[in-house]
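Below are the chains, spelled out letter by letter.
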Amino acid sequence: MNIHEYQAKELFAQFGVAVPKGVAVTSAAEFEGALAKIDTSGGIMVKSQIHAGGRGKGTFTDGFKGGVKFSPTKEKALENAKAMLGNTLVTAQTGEAGRKVQTIYFTEAANLGKRPDGRDDEYYLAILLDRATSFPVIVASTEGGMEIEHVAHHTPEKIFKVQVDPAVGLQAFQARQIAFSLGFSGDLFKQCVTLVTKLYQFYWEKDCAMVEVNPLLVTKEGKLLALDAKVSFDDNALFRHPDVVALRDLNEEDAKEIEASKFGLSYIALDGNIACLVNGAGLAMSTMDIIQHFGGSPANFLDVGGGATKDQVTAAFKIILGDANVKGILVNIFGGIMDCNVIATGIIEAVKETGLKLPLVVRLEGNNVEAGKATLAASGLTIVSGDSMADAAQKIVKLVNAK
Amino acid sequence: MSILVKEDTRILVQGITGDFGARHARLSLDYGSQVVAGVTPGKGGQVFEHAGKKVPIFNTVAEAAKQTGATVSAIFVPPPFAADAILECFDADLDLAVAITEGIPVRDMVRAKRAMAGRRTRLIGPNCPGLVTPGRGDKSSGGCRIGIAPGYIHRRGNVGVVSRSGTLTYEAVWQLTCRGKGQSTCVGIGGDPVNGTSHLDVIKLFNDDPETEAIIMIGEIGGNAEVEAARWIKAHCKKPVAGFIAGATAPAGRRMGHAGAVIGGAEDTAAAKIKIFEECGISVAATPSDMADALLRIWKG
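Those protein sequences? They're chains A and B, same order as listed. Using my numbering, you'd call the opening residue of the first sequence number 2 and step up by one each time. Using my numbering, you'd call the opening residue of the second sequence number -11 and step up by one each time.
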């Protein structure tokens, strides 16, 4: 689960991680009140709140450039905020459709920018799971404010990593290693050790999947601040964090994916025109792959899980049919333990209930498969049977392309 | 031989009184597997009955192992309590803990995996279909079935199968069985980012197993476990290996059902993994329908 930057910073503040002061609002009527609550003397950052990166370099669909803007005056901040709120922001991560900005975050911008000696004081800090070791890893770099993938590729020597042993947690020497690796000394060194320690505590206690601060910044006054914050949580652990669940913003999620989750379906929309309905995540991914292999284009990932009941299949068909791009459906079920005949009956009922008109190819395999195929054939519905995944994929591609 | 489990392996089931655990305990008993104990805290002394068989239930894993000689646990405990169930297996010095449970918090697994270091217990999973060593009876009955795989699709033979995914494993197994090629052991290592046993761990076991003559390795986008295994295969494996990678069409940054199946960087895409498989001499299946045939192109059995 992802949260907004302003929510992440509120959590940071609770854990003692230093952040610039800011106020988030959802309507233009609140703009002036919000600006009155912060120190605007050094300018204001106006930040669009969407669950996607690349906001600063993004462009709104009406042509307005920049989803994050430094505004030297209150008047300019109001102007920028009005241009952003309710507008749709397209960034490298949102896809062409972009995301509608429904929250604006104003933060104090005093003392930001380069130090008097001209040194660029932006750093990178992240905490996530290292899958190779199954340990949390803290990643730090002196190259803040840039894409970390770019830094890792071109100047890997500027990336510093510390693995945290979960048996004992983050040790003081490790926090010092990070602070030294970033070149800090004196008071900034102490601030960095504290910030890293608190940030790790937050990551661990709140079951984060990832915490990223880019940039981490030294102000002209010599204060270390998390200028941006990107946080995602482990969905499996949400049951023990009701406070985190309360931060969920359904506006940022796909309505069809939310609907699917109510029926125990895992659904992800894609750009193609052949929908698929499969049991098992690995098989579902492979079904998408095989559609593409035979010249088609998958419209979605849809895993019905271990079962494939009539209610689930009906719900899945309804979700699939909500996508206007879909021109055909491929059902691929390996009925290992479930009876294929029961699955076939469920599919027929779902077709009738949804009034499905699109080409439908069903590939059943496993337990009692002959009876299942016979049931489909006797249904009087135009359901095409596939004998293998390859056969079924070729059939649905042909049917869709023929239209 | 086979790897990890044999026909006579004695199995205990943690969570045998829950719907999920009970259902699969029955199916394992029907398959002829030696389910000898159940564990549900607070229900010790009760008996799990199925088709004339009586399986005693214990309060703790240690007690179940001591009383029945069970050496392997199948874990069907709900996610909030599953890591605790895994740790209890380590404490009881079992040979093997197989965690079927889906949805265990990553932090719990990070801790559990750390606690496994220095212990003799091997963990398979979590979020996995378990493992099967097929039997020699009708439709492979009499084998050792731990987890949720359909038993009858198997056939005893000489191909080792390792995969993260359940249904994709069944697909490969069924293709082999339909072509008259049996399996030594089929292992589902699970789709989570933190798991107890990797592709490479299983490949090493297959490489050392005299009964296993050839291997199918099925992987997915995300992480570098398949790549690690492929490089080891190139350097050390004496047996022919076929492979498949799912997720060629998955968009970057989206999690595809399995918690581990998400593309993070350039190295963990399907295309990158397939290229490395080919470089390492693995016969790559072009589609999931081609997994058994990809093996048979390099191994005549």
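Hint data in this document are derived by calculation from the structure and do not stem from the laboratory. In this text, a Cβ means the ideal position worked out from N, Cα and C, and glycines have one as well. Hints are not guaranteed to be accurate.
Some chain B residues near chain A, calculated using beta-carbon distances under 7 Å [to be verified]:
{"hint": "1", "residue": "Lys(-6)"}
{"hint": "2", "residue": "Thr(-3)"}
{"hint": "3", "residue": "Pro93"}
{"hint": "4", "residue": "Arg99"}
{"hint": "5", "residue": "Met104"}
{"hint": "6", "residue": "Gly106"}
{"hint": "7", "residue": "Gly154"}
{"hint": "8", "residue": "Tyr158"}
{"hint": "9", "residue": "Gly211"}
{"hint": "10", "residue": "Val215"}
{"hint": "11", "residue": "Ala234"}
{"hint": "12", "residue": "Ala238"}
{"hint": "13", "residue": "Ala240"}
{"hint": "14", "residue": "His246"}
{"hint": "15", "residue": "Lys288"}
{"hint": "16", "residue": "Gly289"}
Below, simulated BS3-like cross-link-like pairs (lysine-lysine); rule was C-alpha separation at most 27 Å, straight line [to be verified]:
{"hint": "17", "chain 1": "A", "residue 1": "Lys199", "chain 2": "A", "residue 2": "Lys257"}
{"hint": "18", "chain 1": "B", "residue 1": "Lys127", "chain 2": "B", "residue 2": "Lys101"}
{"hint": "19", "chain 1": "A", "residue 1": "Lys199", "chain 2": "A", "residue 2": "Lys22"}
{"hint": "20", "chain 1": "A", "residue 1": "Lys101", "chain 2": "A", "residue 2": "Lys22"}
{"hint": "21", "chain 1": "A", "residue 1": "Lys199", "chain 2": "B", "residue 2": "Lys101"}
{"hint": "22", "chain 1": "A", "residue 1": "Lys162", "chain 2": "A", "residue 2": "Lys257"}
{"hint": "23", "chain 1": "B", "residue 1": "Lys127", "chain 2": "B", "residue 2": "Lys41"}
{"hint": "24", "chain 1": "A", "residue 1": "Lys207", "chain 2": "B", "residue 2": "Lys101"}
{"hint": "25", "chain 1": "B", "residue 1": "Lys(-6)", "chain 2": "B", "residue 2": "Lys227"}
{"hint": "26", "chain 1": "B", "residue 1": "Lys227", "chain 2": "A", "residue 2": "Lys374"}
{"hint": "27", "chain 1": "A", "residue 1": "Lys58", "chain 2": "A", "residue 2": "Lys22"}
{"hint": "28", "chain 1": "B", "residue 1": "Lys(-6)", "chain 2": "A", "residue 2": "Lys162"}
### Task
Quickly compare the C-alpha distance for B:Lys127 and B:Lys41 to 27 Å and report which way the hint goes.
21 Å, holds
Check: Hey, does the B:His246 contact hint survive, CB to chain A under 7 Å?
Finding: Interface hint status for B:His246: holds (5 Å vs cutoff 7 Å).
Is the shortest C-beta separation between B:Lys288 and chain A less than 7 Å?
22 Å, violated
Take a quick look at whether A:Lys199 and A:Lys22 sit within 27 Å of each other, Cα to Cα.
-> At roughly 18 Å apart (the allowed maximum being 27 Å), A:Lys22 and A:Lys199 satisfy the hint.
(Q) The hint names B:Gly154 as touching chain A; please verify it with the least Cβ-Cβ distance against 7 Å. (A) With a closest approach of 5 Å, the B:Gly154 hint holds.
Problem set entry | Given hint B:Pro93 near chain A, where the shortest CB pair must fall under 7 Å | It holds, given that the least Cβ distance between B:Pro93 and chain A is near 4 Å, below 7 Å.
Query raised in the report: Do the alpha carbons of A:Lys199 and B:Lys101 lie within 27 Å of each other, as the hint requires?
Result: 24 Å, holds
Original post:
Is A:Lys101 close enough to A:Lys22, meaning Cα to Cα at most 27 Å?
Top reply: 24 Å, holds
>> For A:Lys199 and A:Lys257, compute the direct alpha-carbon distance and say whether it is at most 27 Å.
In response: 37 Å, violated
B:Val215 as an interface hint toward chain A, with CB separation required under 7 Å: Not OK, violated: B:Val215 not within 7 Å of chain A, min 10 Å.
Notebook entry, point to check: Within a Cα-Cα threshold of 27 Å, do A:Lys162 and A:Lys257 meet the stated pairing?
Noted result: The hint is violated at about 39 Å.
Practice problem: Closer than 7 Å between Cβ atoms is the bar; does B:Arg99 clear it against chain A? Give me holds or violated. | Solution: Where the cut-off is 7 Å and the nearest Cβ of chain A is about 5 Å from B:Arg99, the hint holds.
Checked against the numbered hints given earlier, the structure breaks hints 1, 2, 5, 6, 10, 13, 15, 16, 17, 18, 22, 26, 28 and satisfies all the rest.
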